[in-house]
Amino acid sequence: MAVEVRIPTILRKHTGGSKAVTAEGDTVRDLLGDLDRRYPGIAGQLFNADGSLHRFVNVYVNDEDVRFLGALDAKLDDGDVVAILPAVAGGGGSVGLKPGPPVDRG
Amino acid sequence: MLELDQDQYEALVAHARAEYPNEACALLAGRDGVAERVYPLPNAEASPTFYVVEPKAQLRAMTEMDDLGLDLVGIFHSHVATEAYPSRTDVELAAYPDAAYLILSLADQEAPVLRAFRIRDGQVDEEPVQVAGRQPTPSRRP
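Residue numbers (our numbering), protein chains in the order written: chain A, 15 to 120; chain B, 765 to 906.
Chain B on its own, in the form it takes in the complex:
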């Protein structure tokens, strides 16, 4: 289970929309599966099909998390044309088994879909993501 509040959710959606048609990426820091900070970061690839968090921005964000005593609880990116499910590329490049991988699909721009997954050793397991004030996914949202 990953929990984020409404402001954090909206920040992620806004970042994804701002980067559209390219994929957007962000890191979430927190404790025990509860996000406390969102770091919207540049996609060094500036691509609609691929993302690499800009390396220096990644280091800065991760160093700040360490300094604050927070863990990397989530890794976020958007899919601009495909469903909110890890692609083969996502699985092959997943290097952070302790973080939830959040994917926001903008395939339907009016109705973004956010889902979360644990990716370990090539294995994908969906886990619930709870935005405060909403029903958790994967159960249906209002």
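In isolation and in its complexed conformation, chain A is listed as follows:
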């Protein structure tokens, strides 16, 4: 089914500058896979090497964080709106921290 996906500024270089695009999928995983077929390279910014959603990427379905909806298995319906936002994160100390790879290094 067709779902509107809102694209953050930092990923718009993959979508020719579009703020919102349409992609298809019954789950968030399928949708983001379809998004990457339409706009190659975008998935590299969203997923870890093992295929899980990057810790510092937030994906929302109708304003709900997908981590509370089954993550990449979250089901989608026609008319849903999916938004992607890079997390706002950082911190002064790195003791005991193992930060993941950057959200986007272009």
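Read the hints as simulated data drawn from the structure, not as lab findings.
Part of the chain B face toward chain A, derived, beta carbon under 8 Å:
id, residue
1, C789
2, S811
3, P819
4, H841
5, S851
Note that beta-carbon positions come from the ideal geometry of N, C-alpha and C, so glycine has one too.
Once you've looked at the hints, dock chain B against the given chain A.
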């Protein structure tokens, strides 16, 4: 250059003190480098060394900015024990090249230090931050 007024500055300091000893975080919305709104937001990590803006609060704030026609002009967080300069973690996780990253150091609790930086592609460049009625940093403040 990022400009904020005295009330906005005090709101950021108050938020940082309220969250102490954990790091505090906030978003600033505005136009052309002038802050018009401050959104103090929860740190989902509740940590003295790390912050992640709570994702739903982040979306709500950013949606409201869009609705108001404002841009994300600043991303604020506090360092509770280190200087007001981007840490390695700050640089690695900086995902908003169009925003100024404001860091408030509470290392000296009596004399908080606010500085601003642009973080792009791993490159850190300090930029002036002007609180109305004060000398801009990085030049010395009274």
